[in-house]
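K.L.:
One-letter residues, chain by chain:
Protein chains: 2
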Amino acid sequence: MALIVQKYGGTSVGSIERIQSVSERIISTQQQGHNVVVAVSAMAGETNRLMNLANQISEVPEPRELDMLLSAGEQVSIALLAMSLTQKGIKAISLTADQAGIQTNAVFNDATIEYIETDLITKWLNKGYVVIVAGFQGRDRIGNITTLGRGGSDTTAVALAAALNADECQIFTDVDGVYSSDPRFVSNTRRLKEVSFSDMHVLAKSGAKVLQEHSVTHAWNSSVTLRVLSSFDDGEGTLICENPKEVLAVTGLALKQDLFLVECEGISAKEQRELYKQYKVLDERCDCFQIVVPKATFLQLKLAFNTKIRNISSLSILTLVGDNVEGMAESACNQLMANSIDIYQYDIEPKSVSVIVNQADLQRAAEILHKTFVITEQSQDNNLMIAVS
Amino acid sequence: MALIVQKYGGTSVGSIERIQSVSERIISTQQQGHNVVVAVSAMAGETNRLMNLANQISEVPEPRELDMLLSAGEQVSIALLAMSLTQKGIKAISLTADQAGIQTNAVFNDATIEYIETDLITKWLNKGYVVIVAGFQGRDRIGNITTLGRGGSDTTAVALAAALNADECQIFTDVDGVYSSDPRFVSNTRRLKEVSFSDMHVLAKSGAKVLQEHSVTHAWNSSVTLRVLSSFDDGEGTLICENPKEVLAVTGLALKQDLFLVECEGISAKEQRELYKQYKVLDERCDCFQIVVPKATFLQLKLAFNTKIRNISSLSILTLVGDNVEGMAESACNQLMANSIDIYQYDIEPKSVSVIVNQADLQRAAEILHKTFVITEQSQDNNLMIAVS
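Note that the protein sequences, when read in sequence, are chains A and B. Quick note: the first sequence, position 158, residue 158 per the UniProt record's numbering, numbers continuous. Quick note: the second sequence, position 125, residue 125 per the UniProt record's numbering, numbers continuous.
It is worth saying that the hints were derived from the structure and are not from the lab. Fair warning: there could be bad hints in the mix.
[Stated by the list, open to error] No farther apart than 30 Å at their CA atoms in a straight line, the calculated lysine-lysine pairs in the DSSO-like style are these:
#1 A:Lys371 <-> A:Lys245
#2 B:Lys280 <-> A:Lys302
#3 A:Lys270 <-> A:Lys209
#4 A:Lys88 <-> B:Lys302
#5 A:Lys295 <-> A:Lys270
#6 B:Lys280 <-> B:Lys205
[To be verified] So the derived label-pair ranges between C-beta atoms look like this:
#7 A:Asp233 <-> B:Gln359: 51 to 59 Å
#8 A:Asp233 <-> B:Met51: 26 to 34 Å
#9 B:Gly89 <-> A:Gln300: 18 to 26 Å
#10 B:Gly33 <-> A:Gly89: 54 to 62 Å
#11 B:Gly235 <-> A:Asn311: 51 to 59 Å
#12 B:Leu120 <-> A:Asp233: 30 to 38 Å
From the three backbone atoms N, C-alpha and C, an ideal C-beta is built for every residue, glycine too.
Turn these sequences into a full structure, and let the hints guide you.
P.N.:
As structure tokens, then:
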């Protein structure tokens with residue numbers, strides 16, 4: 001008998017019908033002889049609905065009250081999932097993050113889990129219950145409700161798995177695993193059977209959306225084996241672990257879009273240093289420099305610096321990830337330039353090579369790099385895998 | 001400086017616009033130099049929306065999980081109200097019933113408040129905050145979320161006022177006070193300036209919906225002065241207290257509709273005794289008897305007794321309430337009969353006289369009794385009040 005922590009995102013519990021099928025999936029896990037703890041997000045659309053109510057009052061709602069508001073979303077989904085299981089004859093109990101003992105720091109809207117007091121969860125598990133915990137939320141030391149920020153339910157699941165010493169943390173989502181690149185932009189992508197923590201961390205940091213960077217780090221640090229699975233289809237998904245049995249030459253191609261190339265002029269030296277610390281610098285001349293920032297950040301900077309900054313163009317970053325990609329940088333740039341794709345900058349880091357191109361060239365560049373380096377004819381011939389020696 | 005507890009119902013916080021005007025009302029109370037604690041219901045329609053989700057899973061949802069679900073409704077409204085006050089520059093904090101220390105028994109869906117641990121509320125009041133508490137909910141001794149059943153937010157407000165020793169508990173609702181009868185059925189009704197606890201208790205028990213019977217009893221037992229006010233209009237509303245300055249000959253006419261006259265045949269003696277304990281008996285012959293039950297109760301009884309019970313007709317009860325109404329029973333019946341209204345039964349109790357009529361006669365009977373005994377020409381001449389000697 002194993003202890004499995006499962007996480008279901010907003011789309012997976014987006015309607016009563018989907019909640020019913022999530023409960024079937026939980027029952028099937030239990031029937032394989034496992035104990036199950038479940039972390040659940042708010043029903044799809046609910047967090048936006050609540051955020052919209054708050055924004056009718058203020059563009060920047062009071063942070064503590066925003067967490068009080070948003071955490072109601074998961075309270076609804078955990079109760080409905082517990083009802084659904086009970087209705088099917090399965091013993092189940094829902095717990096808010098407060099009840100489940102998930103203690104965080106006091107940073108509203110972006111809290112970090114400090115500790116999970118697991119006594120109550122363990123008590124219910126020992127009684128044979130499926131324990132359903134509200135994802136994305138916690139309580140601070142004096143009992144205020146906090147939320148964990150983006151991807152928070154993944155973090156809840158990983159932290160629960162670590163605290164409970166679970167055998168596997170299964171992240172159910174709307175895709176059936178981690179892919180060699182984003183199928184919306186690239187053809188012939190392939191689901192990866194296994195990915196190492198270190199590769200997954202670089203993929204997530206470089207724009208792969210299937211897992212949030214922070215939850216990968218947390219799992220890695222806590223040695224929690226992760227598995228990404230589809231809520232809608234059966235399959236073995238992708239296993240993320242310390243030492244995959246098989247390692248690919250290139251694990252994948254991550255894409256990050258909606259970046260702005262921003263030109264700054266007449267900004268103080270101190271502010272310039274702050275910006276340099278946080279963002280890629282592309283060009284620099286005495287009083288004028290260019291940095292690459294996410295679109296949302298540009299809007300904030302615009303408020304602060306007004307006419308001193310302006311958006312020059314929209315960029316994307318493509319990142320090849322794998323143990324031995326460093327040597328491919330030159331060849332990658334040559335391939336792109338041979339296809340008339342301008343390269344703003346390229347970076348070589350351990351386990352990654354990234355190139356910055358115009359947003360308009362993203363799809364074409366991604367196809368070229370994926371076909372040349374990730375899923376090559378040769379790698380297909382070799383049954384896609386290169387055995388570790 | 002007084003301590004005022006205010007309660008706002010679902011209609012009063014039914015939209016962001018209304019939440020904004022509730023916060024204006026709270027600010028105006030604070031500006032009069034008072035400390036304010038607020039109990040809030042879920043936004044109008046929200047409890048029904050959540051109940052509908054639950055009913056898609058089960059007609060009778062698991063009780064603990066139903067309370068987990070429904071309590072999310074008030075969590076949304078308290079957060080939005082606190083945001084609205086903060087946005088207007090007023091210090092405000094929202095507290096779930098759990099955080100506010102509202103401890104109940106463990107009867108899910110219909111819990112009773114046992115105790116309020118007021119330390120946290122008092123701490124925030126002392127710091128100059130408006131404290132906004134989730135109505136309708138509590139926590140049991142082991143930390144489960146409970147709900148208080150119908151009218152629960154009124155109960156929360158009264159219990160908070162009692163525990164905090166508040167100077168007044170103001171119930172804001174969609175009418176501007178307690179009326180001499182239900183204005184939807186009776187013309188020339190009048191708002192009452194003051195009503196005694198004992199009269200209000202009989203009015204609530206007899207069908208007046210403005211205050212829930214249980215919360216009146218609770219206020220009476222705890223000597224909490226109540227005031228019923230409109231959320232939408234200014235005015236002094238109706239004061240409910242131990243000793244009103246002025247007492248009317250007849251305080252009001254309460255109406256209770258949607259009752260069924262049910263004939264039972266072939267039911268065991270034991271079951272008959274149970275029904276007799278709970279409901280009015282209108283007719284009895286050896287194996288067959290008639291009782292008066294609310295429509296919802298009839299549907300439950302029908303499930304239990306099937307063909308042994310049947311609905312004969314729809315009835316209403318009209319109840320005259322006041323210190324000296326007992327002597328008016330005969331005259332009331334005569335007035336109704338003179339207008340060809342059948343009377344199924346009449347009851348005389350201390351402070352009340354009630355008659356049972358066909359539902360179809362309700363409006364006509366109510367007009368006659370109200371005009372004859374409650375707002376008579378004489379009472380209007382006397383400025384509507386008879387001073388207590």
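K.L.:
It remains to establish, for every hint, whether it holds in the given structure.
P.N.:
Each hint, compared with the structure:
1. A:Lys371 <-> A:Lys245: Satisfied, since the Cα-Cα distance of roughly 24 Å is no more than 30 Å.
2. B:Lys280 <-> A:Lys302: At roughly 74 Å apart (the allowed maximum being 30 Å), A:Lys302 and B:Lys280 break the hint.
3. A:Lys270 <-> A:Lys209: Violated, at roughly 34 Å.
4. A:Lys88 <-> B:Lys302: The hint holds at about 27 Å.
5. A:Lys295 <-> A:Lys270: The given pair, whose Cα atoms are some 23 Å apart, holds under the 30 Å limit.
6. B:Lys280 <-> B:Lys205: Answer holds: B:Lys280 to B:Lys205 is near 14 Å, not above 30 Å.
7. A:Asp233 <-> B:Gln359: 51 to 59 Å: holds (56 Å)
8. A:Asp233 <-> B:Met51: 26 to 34 Å: At roughly 32 Å between Cβ atoms, B:Met51 and A:Asp233 fall inside 26 to 34 Å, so the hint holds.
9. B:Gly89 <-> A:Gln300: 18 to 26 Å: holds (24 Å)
10. B:Gly33 <-> A:Gly89: 54 to 62 Å: Hint holds: Cβ distance 59 Å, inside 54 to 62 Å.
11. B:Gly235 <-> A:Asn311: 51 to 59 Å: Holds, at about 56 Å.
12. B:Leu120 <-> A:Asp233: 30 to 38 Å: Roughly 48 Å apart at Cβ, these two residues miss the hinted range, so it is violated.
In terms of the numbered hints stated before, the structure departs from hints 2, 3 and 12, listed from lowest to highest.
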